[in-house]
Amino acid sequence: MINIISDSVDKTENLGYELGKSLSRGDVVCLMGDLGAGKTTITQSICRGLEVDDYVTSPTFTIVNEYIGRWDVYHFDVYRIEDEEEMYDIGYDEYIYGDGVSIIEWADKIRDILPKERIEINIERISDNKRKIIINPIGEKYEKMIENILNNN
869 MINIISDSVD
879 KTENLGYELG
889 KSLSRGDVVC
899 LMGDLGAGKT
909 TITQSICRGL
919 EVDDYVTSPT
929 FTIVNEYIGR
939 WDVYHFDVYR
949 IEDEEEMYDI
959 GYDEYIYGDG
969 VSIIEWADKI
979 RDILPKERIE
989 INIERISDNK
999 RKIIINPIGE
1009 KYEKMIENIL
1019 NNN
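In this note's numbering, the protein residues as written are 869 to 1021.
No wet-lab data here; the hints were simulated from the structure. If you're wondering where the values come from, they're calculated on a predicted model, not measured in any experiment. It cannot be assumed that every hint is accurate.
Lysine-lysine pairs mimicking BS3-like chemistry, simulated, CA-CA at most 27 Å apart [stated by the list, open to error]:
(1) Lys889 - Lys1012
(2) Lys1009 - Lys879
(3) Lys977 - Lys1009
(4) Lys1009 - Lys889
(5) Lys984 - Lys1012
(6) Lys1012 - Lys879
(7) Lys889 - Lys1000
(8) Lys889 - Lys879
Pairwise CB distance ranges (calculated) [what the hints assert, rightly or not]:
(9) Asp922 - Ser892: 17 to 23 Å
(10) Asp878 - Glu953: 17 to 23 Å
(11) Gly966 - Gly904: 28 to 34 Å
(12) Glu952 - Lys879: 31 to 37 Å
(13) Arg979 - Ile873: 23 to 29 Å
(14) Glu952 - Gly1007: 18 to 24 Å
Ideal placement from N, C-alpha and C gives every residue a C-beta, glycine not left out.
Assemble the whole structure, with the sequences as input and the hints as a guide.
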């Protein structure tokens, strides 16, 4: 588990961008944190790193938005999910185990159905521009990926 204190939006965005550049097909990023913590900001910067040209917004009412970049990107917002079974109704398995990159906001709401290997990022708001970012890479592939990102920045 890695703890990072980001004292600016730029630093937070750079972390997301570098992560996005490192992701490949089948990767899953799980975002957690309170409202306004910065989950969508991180998602937008991950998408920039994945070469997504579209404007990235949170799919609060649609549950999933799809974007085209270096890989397809599936951006979930599961805040309004009442039951994990709802995820299967939208084709969850096809997305998560498909050829794209999945980014899941509010991932803690569906913890029991998350893939065994994934990157978990918890964002805690300290002040307007300051965040505590806790990165938990689960699986050897993700441990190496995060280590490389941190060593190169």
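How the hints compare with the structure:
A C-alpha spacing of about 14 Å is found between Lys889 and Lys1012, which places the hinted pair at or below 27 Å, so the restraint holds. Between Lys1009 and Lys879 the alpha-carbon distance is near 24 Å, which keeps this suggested pair within the 27 Å criterion. Note on Lys977 and Lys1009: the hinted pairing holds, with a Cα-Cα distance of about 24 Å set against a maximum of 27 Å. Only pairs whose Cα atoms come within 27 Å are accepted, and Lys1009 paired with Lys889 is accepted, the gap being roughly 15 Å.
Between Lys984 and Lys1012 the alpha-carbon distance is near 16 Å, which keeps this suggested pair within the 27 Å criterion. Taken as a hint, the Lys1012 and Lys879 pair is honoured in the structure, with Cα atoms around 21 Å apart against an allowance of 27 Å. Of the supplied pair hints, the one linking Lys889 and Lys1000 holds, its CA atoms being roughly 22 Å apart against a limit of 27 Å. Of the pairs offered as hints, the one joining Lys889 and Lys879 holds, with about 15 Å between alpha carbons and a cut-off of 27 Å not exceeded.
For Asp922 and Ser892, the hinted distance range of 17 to 23 Å is satisfied, since their beta carbons lie about 20 Å from each other. Distance hint for Asp878 and Glu953: a CB-CB separation of about 40 Å, inconsistent with the stated range 17 to 23 Å. Separation of Gly966 from Gly904 is about 30 Å and conforms to the stated range, judged on CB atoms against 28 to 34 Å. The beta-carbon spacing between Glu952 and Lys879, approximately 34 Å, falls within the hinted interval of 31 to 37 Å.
Judged by the Cβ atoms, the range 23 to 29 Å given for Arg979 and Ile873 holds: they are separated by roughly 25 Å. Glu952 and Gly1007 have their C-beta atoms about 21 Å apart, which keeps the hinted 18 to 24 Å range intact.
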